[in-house]
Amino acid sequence: MLPKKRAWLALSDGTVVSGWAIGRPGTTGGELCFNTSMTGYQEIFTDPSYHGQLMMMTYPHIGNYGVSSRDDEHRKVMVSGVVVRAFSWEYSNPQADGSLQAYLQKHGVTGITGVDTRALVRHIREHGAMNAVISSEIDDPDTLVRMAREWADMNGLELASRVTCEEATTFAAEGPYRVAALDYGIKRSILRNLTARGISVRLFPARATFDEIRAWNPDGYFFSNGPGDPNPMDYALETVNAAKTTGKPLFGICLGHQLMALSEGFAVRKMFVGHRGANHPVKNLGTGLVEITTQNHGFAVDPDSVDAAKARVSHLNLNDGTVEGLEFTSFNGFSVQYHPEASPGPHDSHYLFDEFLRRIQLAKS
Amino acid sequence: MPKRTDIRTVLIIGSGPIIIGQACEFDYSGTQACRSLREEGYRVVLINSNPATIMTDPMMADAVYLKPLTPQNIKDICEKEKVDAVLPTMGGQTALNLARDLHQVGYWEKAGIHIIGVDIDAIDITEDRLQFRNLMESLGIGQCRSGVATSMLEAKDIVNKLGGLPVVIRPSFTLGGMGGGIIWTEDEFERKIMRGLELSPVHQILIEESIVGWKEYELELLRDANDNVVIICTIENVDPMGVHTGDSVTVAPAQTLSDKQFQLLRDAAIRMMRSIGTFAGGCNVQFAMEPGTDRLIAIEINPRVSRSSALASKATGYPIAKVATKLAVGFTLDELKNQITGTTSACFEPSIDYVVCKVPRFNFEKFPGVDETLTTQMKAVGEVMAIGRTFAEALNKAWQGLEIGRAGLGADGYEDLDPKHVFDRLAKPRWDRLLQVRNAYKLGATQQELHELTKVDPWFLRQIRYMVTLENRTEGQSLDTIGAEDLLELKQAGYSDVQIAWMLSQGGGARVTEDMVRRKRLALGLKPSFKLVDTCAAEFPAVTPYYYSCYDGENESVVTPRKKIMILGSGPNRIGQGIEFDYSCVHAVLAAKEMGYETLMVNCNPETVSTDFDIADKLYFEPVFWERVLDIIEHEKPEGIILQVGGQTALKLAKPLKKAGVKIFGTDYEMIDLAEDRGKFSDVLVKAGIPFPAYGTAFNVEEALVEAERVGYPVLIRPSYVLGGQGMRIAVKPEDLEEYVIRLLKTHPENAFLIDKYLDHAIEVDFDSIFDGETLHISGIMQQIEPAGVHSGDSTAVLPPYSLSKEIIDTMIDYQTRIAKALEVVGFVNVQYAIKDGQVYVLECNPRATRTIPFIAKATGRPEAGIGVKVILGAKLGQFDLSSKLQNYAIKEPVFPFDKFPEVKKELGPEMRSTGETIYFFEDFLDEHFRKPFEMKNLYLSR
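Going down the list, the protein sequences come from chains A and B. For the first sequence, our numbering begins at 1 and goes up steadily by one. For the second sequence, our numbering begins at 1001 and goes up steadily by one.
If you're looking for bench data, these hints aren't it; they were derived computationally from the structure. Treat the numbers as computed from the prediction; the structure is a model and nothing was measured. For glycine and all other residues, C-beta sits at the position ideal for the given N, C-alpha and C. Wrong hints could be hidden among the right ones.
Among the chain A residues that face chain B by a calculated CB cut under 10 Å, a handful are [claimed, not checked]:
| # | residue |
| --- | --- |
| 1 | T58 |
| 2 | R70 |
| 3 | A86 |
| 4 | W89 |
| 5 | R118 |
| 6 | R125 |
| 7 | H347 |
The following block holds chain A by itself, in its conformation from the complex (with noise of 0.2 Å):
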């Protein structure tokens, strides 16, 4: 047991809870989101999907297994804040580096430990998600609201360009196949998906231009996760819209997937509550089996803008009726929302990525 400092998480509509700080001492904000996953926290802290978020897990033991760099997804943590129940201040797991306090606090992101974690997912499933904040500086929970509640809201917001890389970068250059990644927020497993599969991938920074792109001869287009609203990235649609001029595969993961929406005009809108978890089952209409998959997103293709004659919808959520993969038919791509890499999560949709491959390979031979 660590010396305890008083820590406080005040939500937007004033709810309060106190318990104790972990990582960085501090003060934090941002949406407060949770996600079910009972493994993976490193992997969903690094994801930058999550930047700028306030992350609770729900299952209560977290640090367990302290951390290792084999399970980053990104250089940086990108959740903003980690809300948890009873958080593992020692670890044990021989192939770990070190702690996960020790690694939160490297990377200065603030948390809050011995929180009913339940009754405040509770609490955002009854009333939506909505910001909050962190602090173990701030000792007055009016304030806290009051900084809750003029946190930067995520609606409307274009958060990818603050994750993406600054530079294109080739990675497994000798590949038979080269596809042209554009990194709205990638996650690490996804490059190493691809590459796994023989795949040269160049990641280009979320706005390189597409004659840029396309000067590097890419056989396919990939689409990145990333956070934030895909809305207002008309960057982003330009530069779908151009690669589906090619006639070459593209294939969309999450963010991605909803920018290809976007782009055939379909409407993406803010969920209630959004899908963060392992345990989704998606069912796949083409075979008709269902696959458990990895979800993390907080907007979702609205299914009634889906236009037939522009795209079927691939992938269904058996749990709530959501858009969880599209087939387009005007162009040649296909996109799902949910996360095919897992990390964390069941590998049952890595065929997405030997499918990705098979219509490279077709469009090339």
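Mind docking chain B on chain A? Use the hints.
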């Protein structure tokens, strides 16, 4: 795919009597299967020889056969009932083996009966070590490195290649693993290798690397006909490899795996399940993982529901057996709804936001001389499960539920902190390992030391060290000085008020009592909240009323305005108190529902039907431990409580309940207490002119010797308030008596004990009845074949009596009625009689539902448990059809665990040792089920 329409009648095979390794979890799964099939309109036929099961109740199936589980009986039933399909995955290995035997002789095919829920051809793969090994290798899933030796020289070479000792040896083609085991040291190497080579008919042994100490995991899977697979639960064994999973403390979900490690397990488990043929149903896979590497070894795969799947169902809320049954008749996972949420899909993987801890329950004290070391062969007789928000909370709660007289994991005044004792216990895996880890920390042991000794993952060790830190902090404080925050932290770590009281008494001040702690914490607003088990970590609203307590703020158990009744369950299975009591608990719930009550079930045994969230209106999965029960009472404010059905577990709470002003339905607490108090009860008998054997009461050795001399040897000695004759012995001379008393004082220090004149060569009779205040209903009179002195639970007993005169029976009815009146019984009353030289003596009286109630209900076709509970709630016997369907005789045949304890001699005496029983109906006394025990009735009688 929708359900199959080519089948109409489905046969379910039960698992037979309760034995070590096959307990009431198969009543739970069988019951779920029956209900699941009937929901879909199938006709269900059932065979099981275990009368104490809910599944064999007439309400569960369209045709129930209480018959021995033999291939011939199954064939006869299939023919008579025109069975279309058989579901053999709900009755443990027993049912699966029967189905396989009938498959091997081509019966199913010939009779046109479909086998559903399993691929029968694939069973061999899972049972045959070599086939399994080859299959795993073809899937690229790790196996222990090994080699086959036919000589000492080869053996030495193989051991060298494996990296030295320890190794595991398995002689080829020996039965039951004979000659197998672990070689730890050079000393035993040659001897064990030679023995193995000699024992093997082909003089060949398999030598495997030892994976003792590796981390052990279990995954529970479901698969449908479309080949969709989901993992319902992952269970981590706190006791590493080397201890049978049934004997291990286990937790869910896995605590010490990173996602990448967990996905290795998940991927391998799915590949394994898909490799054992095509079938739709449930499956369990076990793995070992080497700490520090990701090396994974598949231990086994069981293509059926299991003890672990029952645990997984209770741990997650996901009803595995029920869904597996639906899958077996053709549904696919995506067609089914998650019953817990009512809105989301059943095709998903539960996420839980609490920690589940299972702790096994042992009965070694009943088997003097038994080797208590835990090995790969299961020795536990039952288990408790506890739910908490943290591991510490769940672990303490589990120990509160064990009913071994402890108030949590230590810190309750009963520990032996002698370093030699503590470290001796830790040297080998024992049932109390985590308690000794706690004690060792108290003694200043380091984590490294404890990890080297136990190989328990450091994460778990640290949790216990954290608990000890809390204890040490608390022990320096007094009730006045301890602050709300410290108290809350203790409660959140699962500490009971009893433990806190003990810790606060260590400072040298006045003794603090449980009540004082309770008052203080309530004054501080520290009361438990109740949270929902919902399969989804609160992501979706849930409708199932399945709760656990914790000390996190928000309470989710909304109290309704309905009139309520609480039924206390019987806790973990143990010898003397098993499934029979759960049977009566379930019926108590159903009867109370019928009488218009909202029913609240409190129990902590994950194997049971009573803890199925479908049974009571509200399920509180909690230890049947005073503080926890009182917390629920204060929250729900039930009109009253039923104690008569939960065995001694519930009865032990009668006194504090009465003191707390809680209404006890049926017979008054004073009368329950009176029946247990030999002195007062004898006064009643004397007053009524009813004979009983001479007796005396004693508190120490000296008194015992005096009393024994007075009543005359041989004498029976036992503590009061125990079940199953725990600690009961026959002493023929003073030296025996002294020895027993000393032993008793160790295990039951606060109890008085009784010394009865032992009536040798007497006939013992077990008489169950229900009394409504006016009329006595004879539930059943069972005559024991073995002489008095053999515990009634261990005796072969016949319903109705086979050799008693009408006069004697009338005498017993007369006595029973007078006793019922004298005790003002409302509900169940059982009296045990001994008959010697034509004289009827009363041995003891139990004003509650007994172990024999379900047997009698099955034999007579009368819902005895339900009738009794309705009488408790105010019904009169005249309202019921009390006719019996029993023709001829029903015989109760006990089943013993001596095969699991080869070092213990088979002896029967006043201490119960059987784990289960079967029912058999017979017509004449030449039937071998009667004739054999009759001929051998005196053979095993011992002290």
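Tested hints:
The restraint placing T58 (chain A) at the interface with chain B holds, with a minimum CB-CB distance near 4 Å, inside the 10 Å limit. With 10 Å as the threshold, the beta carbon of R70 (chain A) comes within range of chain B, its nearest partner Cβ sitting at about 7 Å, so the hint holds. Contact between A86 (chain A) and chain B, as hinted, is supported at the beta carbon level, the nearest pair being about 5 Å apart and thus within 10 Å. Of the supplied interface hints, the one on W89 (chain A) holds, with its beta-carbon coming within about 9 Å of a beta-carbon of chain B, less than 10 Å.
Using the Cβ-Cβ criterion of 10 Å, the hint placing R118 (chain A) at the interface with chain B is satisfied: the shortest such distance is roughly 5 Å. Satisfaction of the interface hint for R125 (chain A) is found here, the shortest Cβ-Cβ separation to chain B being roughly 7 Å, below the 10 Å cut-off. Using the Cβ-Cβ criterion of 10 Å, the hint placing H347 (chain A) at the interface with chain B is satisfied: the shortest such distance is roughly 6 Å.
When each numbered hint is compared with the structure, no violation occurs for any of them.
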